[in-house]
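> Heads up: the sequence shown runs through residues 129 to 357, numbered per the numbering used here.
What the hints contain is simulated information worked out from the structure, not anything from laboratory work. Computed from a prediction, not measured in an experiment: that's the story for all the values here. Among these hints, one or two may not hold up.
Claimed, not checked - Derived Cβ-Cβ restraints for the label pairs, each shown as a range:
(1) A346 x N274: 48 to 58 Å
(2) G318 x H149: 12 to 22 Å
(3) D345 x A279: 41 to 51 Å
(4) E322 x S174: 11 to 21 Å
Cβ coordinates follow ideal geometry from the N, Cα and C atoms, glycine included.
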Amino acid sequence: MNTRLFKKKNPLRISEYLTTHAVRKLQIGSGLNILEGWLNSDLNPSADAVSVDATKTFPFVEGSFDYVYSEHMIEHIDYKTGVQMLAECYRVLGPGGKVRIATPDLAFLIELYRKSKTALQKAYINWATDWFIENAPAYEDTFVINNFMRAWGHTFIYDEKVLRYAMARVGFMDTCRCELRQSSDPELRGLEHERRLPKGFLRLETLVLEGTKPVYDANGKARRRGKAS
């Protein structure tokens with residue numbers, strides 16, 4: 129993949145997307161999950177995406193998008209840089225725009241360590257051990273948890289309270305937790321790439337939060353869902 133060539137083509141492809149879509153939607157860290165109707169972006173993009181480094185200033189002007197989405201990407205950068213990424217998501221959204229962040233949940237790993245396990249948790253431990261933990265002496269939660277914290281370039285695993293704090297810190301309001309592939313907003317439904325893992329495993333792993341960039345009235349007061357805060 130010629131990343132330099134993709135970067136040269138970025139401005140034209142971005143401009144074309146923004147001028148041809150009434151509802152503008154940006155995916156950060158698309159990987160192979162190319163979403164129709166979205167401007168898909170990745171550090172090492174496929175032919176159907178543009179090149180965006182999530183650790184740096186996004187190549188978009190303020191207020192360019194109505195929605196920003198990112199699935200299982202923010203855990204690959206450290207917490208400070210993750211907050212910077214969320215701040216960029218906030219910047220490129222217009223007033224009332226929404227962000228949806230899907231990321232591994234620290235609570236999932238804590239639950240995996242409990243003595244009493246569901247059938248799905250047991251199946252997950254067996255699968256993760258067989259596929260990713262060479263020379264493990266047994267199917268044990270400890271090996272799976274240690275591997276998950278370090279493998280695939282994972283740098284920081286969020287829980288709900290810390291991700292909520294990070295989103296609020298950059299300005300998002302009305303943060304809510306959502307089920308995988310579900311949302312009160314039709315534009316944010318069915319996004320997570322659930323089929324990339326065996327049935328039930330992505331749902332087991334994942335925390336999903338949505339937040340909204342506030343709309344301010346003439347007095348500079350933020351409004352929540354169309355009402356004065």
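> So, against the hints stated earlier in the document, which numbers end up violated here?
none
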